[in-house]
Amino acid sequence: MEWWKIGVGIWLTAVFAVALSFPIVPEPKHWYEFPVIPGLEERARIIFFHVPVAWTTVVAFLVALWNGVKYLRTMDLEADAASSNSAGLGLLFAVLATVTGSIWARFSWGSFWNWDPRETSIFVLLLIYGAYFALRSAIESEERRARLSAVYAIIAGVTAPFFVFIMPRIMTGLHPGSRGDVQGSGPVVQFHMAPNMLLVFFAALIGFTVLFAWMMEIRLRTSRLELHFMNADSEQS
Amino acid sequence: MAGDSKFNFAEWLRSATGVFWKDFRSELRTRYALNALVMFVVTTLSIVLFSMTEENVAVDVLAGILWVVIFFSAMSGLSRTFVNEEERGTVMTLHLLASPSAIFFGKLFVNLALVFFLNTLVVVLYLLLINGFAIQSYGIFVLTLLLGSTGLASAATIIAAIIAKANTKGTLYPVLSFPILLPLLLTVMNGTKLATGPASLSDAAVEFRILISYSVVVTAASYLLFEYVWKD
Chain A
96 MEWWKIGVGI WLTAVFAVAL SFPIVPEPKH WYEFPVIPGL EERARIIFFH VPVAWTTVVA
156 FLVALWNGVK YLRTMDLEAD AASSNSAGLG LLFAVLATVT GSIWARFSWG SFWNWDPRET
216 SIFVLLLIYG AYFALRSAIE SEERRARLSA VYAIIAGVTA PFFVFIMPRI MTGLHPGSRG
276 DVQGSGPVVQ FHMAPNMLLV FFAALIGFTV LFAWMMEIRL RTSRLELHFM NADSEQS
Chain B
29 MAGDSKFNFA EWLRSATGVF WKDFRSELRT RYALNALVMF VVTTLSIVLF SMTEENVAVD
89 VLAGILWVVI FFSAMSGLSR TFVNEEERGT VMTLHLLASP SAIFFGKLFV NLALVFFLNT
149 LVVVLYLLLI NGFAIQSYGI FVLTLLLGST GLASAATIIA AIIAKANTKG TLYPVLSFPI
209 LLPLLLTVMN GTKLATGPAS LSDAAVEFRI LISYSVVVTA ASYLLFEYVW KD
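Taken in sequence, the protein lines are chains A and B. Numbering follows my numbering, with no gaps: position 95 of the first sequence is 190. Numbering follows my numbering, with no gaps: position 155 of the second sequence is 183.
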């Protein structure tokens, strides 16, 4: 095992331990105390898990998009494998983000689903991933599948910003950090977060991104082997 | 494509309009898509009517249902442009006769014509048949319809080109189109809601801006990517 894989394991364990165990107090005096965010209290801890997972979903989609473009330029099937594997991981992270967010919403907003702009956005991302894999399974020829799914990913990629950036701004939302929220009255990420929370948050962000890279590497190696054995089979027969 | 040094705009325009008139004429001869579309619209509207007899439905809901009818009618007819070529085996001939971008824009204009026809039909019937759906700001309504139809046709054309190459064409079309069209649908529904109340044209400026940029972005991306879909 390479050093960075052991590193990400220790890193994420430390982040989880800190995120779950540091006390949330009204007036923090020590470096290990998080301040209370009115209206969120203990539920604020979700930010260390939910937001990095949602972030990884977007990263995975961008990686899939990038490799789709790369496939169209080089016609190299390995780029297509990277694209579809990244989309698969993105789907996994999108489901995780949706489920964690939904459970949190049950306790903060009173119901599992409210069609808040952010919830609508992740729903659309799930739909795009679903449509992407429906398209892939409907085409047999490998080159054609690679080409068409890359084109679809790009078309979805150019229309998705309409959600991520425009919709939350024309609708007021319930989500912390959106325009309807009193606390974070500003654009999405300008949270008034305490420095120590911010540090743990970014540590979690980095940890999840590296975890994604690790999972990506495993899947890429698997599909490289599959490609290799498929070619070997066809040469024998 | 446009980057070609020997690009001849007159030649390009001739083949694009050629593709458009070919489809237009064959449609007038068979009326395959038109008949199906008209029947689809009538059926859908009568289901809506039957489900709302003696009910007072809020005008905001009616504005949404209008676009539900338009979306599914479009999904039933717009894929024909490319699926037809695959089924009749005329793809190779088109490959020989016209450049990919000329074919794309020819097909785009066919779909635009079809969507404008379809939406006019739906809206006229909807206004006549559904009580309680009254428009107060016609400016917003007409502009929303025009811009919404343009965006609908541009997204539907590239998705039609994609699914024409796949195995399960019919079911795949709405599945692939919906996530792409959702930003458009949400915006036109907003615009239509605004049009049912007293609002001036500038109130819907945000909607118009989104719709225009949507059409431009999708058409530009489709133009750049169409070659990869079209060439086997």
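To be clear, the hints were calculated from the coordinates, so they are not data collected in a lab. Glycine included, C-beta positions come from ideal geometry on N, C-alpha and C. Don't take every hint at face value.
Straight line, CA to CA, 30 angstroms or less: simulated BS3-like cross-link-like pairs of lysine-lysine [said to hold, decoys possible]:
| hint | chain 1 | residue 1 | chain 2 | residue 2 |
| --- | --- | --- | --- | --- |
| 1 | A | K165 | B | K50 |
| 2 | B | K221 | B | K50 |
| 3 | A | K165 | A | K100 |
| 4 | B | K259 | B | K197 |
| 5 | A | K165 | B | K259 |
| 6 | B | K259 | B | K50 |
Computed Cβ-Cβ distance ranges for the label pairs, DEER-style [to be verified]:
| hint | chain 1 | residue 1 | chain 2 | residue 2 | range |
| --- | --- | --- | --- | --- | --- |
| 7 | A | E128 | B | N195 | 36 to 46 angstroms |
| 8 | B | V89 | A | L191 | 44 to 54 angstroms |
| 9 | A | A327 | B | M67 | 33 to 43 angstroms |
Item to check | Structure-inconsistent hints, enumerated in ascending order | outcome: 1, 2, 7, 8 and 9
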